[in-house]
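Quick mapping for you: the protein sequence lines, in order, are chains A and Z.
Counting from 1, position 21 in the first sequence corresponds to residue 13 in the working numbering; the numbering is continuous, with no gaps.
Counting from 1, position 185 in the second sequence corresponds to residue 208 in the working numbering; the numbering is continuous, with no gaps.
The hints are simulated quantities; they were obtained by calculation from the structure and are not laboratory data.
Even for Gly, the Cβ is constructed at its ideal location relative to N, Cα and C.
Each hint should be verified, as a subset may be incorrect.
To be verified - Where chain A lies over chain Z, by a calculated footprint (3+ residues, C-beta under 8 angstroms):
# : segment
1 : 82 to 95
2 : 137 to 145
To be verified - Straight line, CA to CA, 20 angstroms or less: simulated EDC-like cross-link-like pairs of lysine to aspartate or glutamate:
# : chain 1 : residue 1 : chain 2 : residue 2
3 : Z       : K240      : Z       : E390
4 : A       : K221      : A       : E240
5 : Z       : K254      : Z       : E159
6 : Z       : K88       : A       : D61
7 : A       : K263      : A       : E173
8 : Z       : K88       : A       : E94
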Amino acid sequence: MAPPTAHSGTASRDVAAGVSVIDTERRYVEGIITLHDRMTYGRLPDQISGEPLHVHQSGDGLLTLAVRDSQLPHRYLLGLLGFRLAQYLRLGWVSQPVVYREALFHEPLRPAVGQEDIHVVSLCLTTGRIRGYAALAGSRDPDPLPLDGPGRTRLSVEKDHKIDLMGRYAAEGWTTHQVYEAKRLLRDQTMPRGELGARVPWHVLMAWGRALMALDEFLPRVLVAGDAKESGSLRHLRRMGFRLDVVEGTSPGLPETDLLWPIFKTDEQAKPFVGRLGPDFARRMDTISAFLARPLGSEPVGTLLGELS
Amino acid sequence: MTADSSTTLTPAGEAADFFATVRDFARDYVRPRAIELDRALPAEFDWELVREGTSIGLMRMGIPKESGGLGLGAVDMATVIEELAAADPGVALIFGGSGLFQTPIVLSGDARLQARYLAPFISDEPVLGCNAVTEELAGVDLIIPDNAIHAQDIMVARRDGDRYLLNGTKKFITNGPLASYASVLANMEGHPGATGLTCFIVDLDQPGVTRGPVADKMGYRACLGGELAFKDVVVPAENVVGGELGGWDLNVSQSNMCRITCAAVSTGIARAALEKAIAWCGERIQGGKKLYQHQFSAGLLAQMTMKVDAARLMYLHAAKIADTGVPCPEYEPAVAKLFADRAAIEVADAATSLLGARGYVRDFGMEKILRDSYGPRIYEGTWQALSIIITEGIYRSEDA
Chain A
-7 MAPPTAHSGT ASRDVAAGVS VIDTERRYVE GIITLHDRMT YGRLPDQISG
43 EPLHVHQSGD GLLTLAVRDS QLPHRYLLGL LGFRLAQYLR LGWVSQPVVY
93 REALFHEPLR PAVGQEDIHV VSLCLTTGRI RGYAALAGSR DPDPLPLDGP
143 GRTRLSVEKD HKIDLMGRYA AEGWTTHQVY EAKRLLRDQT MPRGELGARV
193 PWHVLMAWGR ALMALDEFLP RVLVAGDAKE SGSLRHLRRM GFRLDVVEGT
243 SPGLPETDLL WPIFKTDEQA KPFVGRLGPD FARRMDTISA FLARPLGSEP
293 VGTLLGELS
Chain Z
24 MTADSSTTLT PAGEAADFFA TVRDFARDYV RPRAIELDRA LPAEFDWELV
74 REGTSIGLMR MGIPKESGGL GLGAVDMATV IEELAAADPG VALIFGGSGL
124 FQTPIVLSGD ARLQARYLAP FISDEPVLGC NAVTEELAGV DLIIPDNAIH
174 AQDIMVARRD GDRYLLNGTK KFITNGPLAS YASVLANMEG HPGATGLTCF
224 IVDLDQPGVT RGPVADKMGY RACLGGELAF KDVVVPAENV VGGELGGWDL
274 NVSQSNMCRI TCAAVSTGIA RAALEKAIAW CGERIQGGKK LYQHQFSAGL
324 LAQMTMKVDA ARLMYLHAAK IADTGVPCPE YEPAVAKLFA DRAAIEVADA
374 ATSLLGARGY VRDFGMEKIL RDSYGPRIYE GTWQALSIII TEGIYRSEDA
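Whenever a hint applies, use it, and build me the whole structure from the sequences.
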């Protein structure tokens, strides 16, 4: 499969070697995509340490887990970050030249300071392939800081949209360690567009929501920040029961040296948001759980959307 | 009992947990299947065993930690291989052969090759690799640099723009019948003999690659070996390891490192034979006393134990040098392998004689060990080739 292109540079050629850089770059990227298409993670559930934040196994053959960074063996963490990279390559949302230049086979590891990231993974129990994924990125501040603290680490969404998203939520008892950034709600792009394919995002969102509930109980209280498209994830987040504050009119962008710069080259721009778990969040999670417990083929996902609207 | 590896094989730190897992795997999973694996047809290759081994880390022992591997050094790697070989050397070779594919990539320091070709081994999906060197007319001619000019009819690589075309046939390639990837040594067109050796990383599931019949080997039958034929196989230029004509240096470095683990395989075989002999001589009563209490049997057991212990100490010595210096030495691994290869045959032979009729009957597994013991003296340097390397090392020191 030839991935969509996201080239920033012009074609160059190492004349002495007779090697086209664009060709080697294309081969490298195709190789990385193919590599991740073949990778499986069937043993992952047995090899996480401690109790996952959430786990559910469904009749449609998927096992969905929400785990912290430190619960994953290193190779699985690299694998998950690799899945993210491969899906974004397929979608044309990452820079191929950067992937090639940096010799990436996974998204870069984040520094192990502050709050850990949480990974939600939906695995096919038969093949061990990842079918869906989402992340909640924790604060990189080593110690909790006020949300309007000048020294706090900015969220990716704040850097991308060049705004101070969290300062307005500064209040007694709220710190950067209670903020999680929603990232990479992904479905395996090679999956057929069938009913199971339509269910996968809901398995992931449900585990994602349950993980937030667990964190909300533990911390207590969490805020979720990020950016999403009105026609996409924002609708899902509202259906899930998030109370969302959406920021309009930003002009996001990244330099072409950044791995993720192509994501903002789009007709519909993602909008920054901050979400809190609404009063009926738990009930809505139960609704999603009940739907996903029904056998495959019994009711289309449209039924769930109706129940959540 | 000194022949028990636990007295000398005690990896420390993170490697200790891994070693304990491998020991359990070898004892509880591999050993009970060894005879069955030995008798299985090629079509019955045990992928489930590979899957289990992959899950505990045997496919990523030599891969750097930052790439998702275990980053084991020579000492830890060799001790693990001895443990596997004592259960079944064929199984040790399945994983060791894949490690041989990985080694040139690790040595290259090429981040892109590492990303593309090491990452598949961190998956749960079992994947095999192989290192394709030997050919119909060239074995030692691809190991002894002075022989290079005399090598005949070597696989040819021809540059064609930003790619190479490979043509030729490799023989007796461990994992060849099933591997997804190979590191292949081919001679650049226009260079006589094997003087233009170059190492290529090749995806084997592509047009032009043909897998020949599986070799009907005397031992190591759990691990399949066979022929790989290449007809105009396309390899992109970026898949050259160590540059054009860099194959010799790479192969010499790799062989030096590999001989340490080969010596560990031989030690494992010898140890398996010794364990069988010790068990039998401790229970069998003849002339009113146990066999080990008879002088000739005791003498044999003592000699066998000495050889196993010495073989282990020699490969550990070589491994420690390899772990603490660059480049890997030539002399110590060659000496360790030469000794261990001989020890495997002698200890297996002695054990077979001590077991009497049971040593000759297939169900007891002793005859399998005897057959396996003859394998190590062929690969990665025959005793003749090792002797040249060792004596050249001696005289190099004398001359210096």
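How the hints compare with the structure:
1. 82 to 95: holds (count 5)
2. 137 to 145: It holds, with 6 qualifying residues against the three required.
3. K240/Z <-> E390/Z: The hint holds at about 14 angstroms.
4. K221/A <-> E240/A: holds (11 angstroms)
5. K254/Z <-> E159/Z: holds (16 angstroms)
6. K88/Z <-> D61/A: Distance of about 16 angstroms is within 20 angstroms: holds.
7. K263/A <-> E173/A: holds (14 angstroms)
8. K88/Z <-> E94/A: Given pair K88/Z, E94/A holds - Cα atoms ~18 angstroms apart, limit 20 angstroms.
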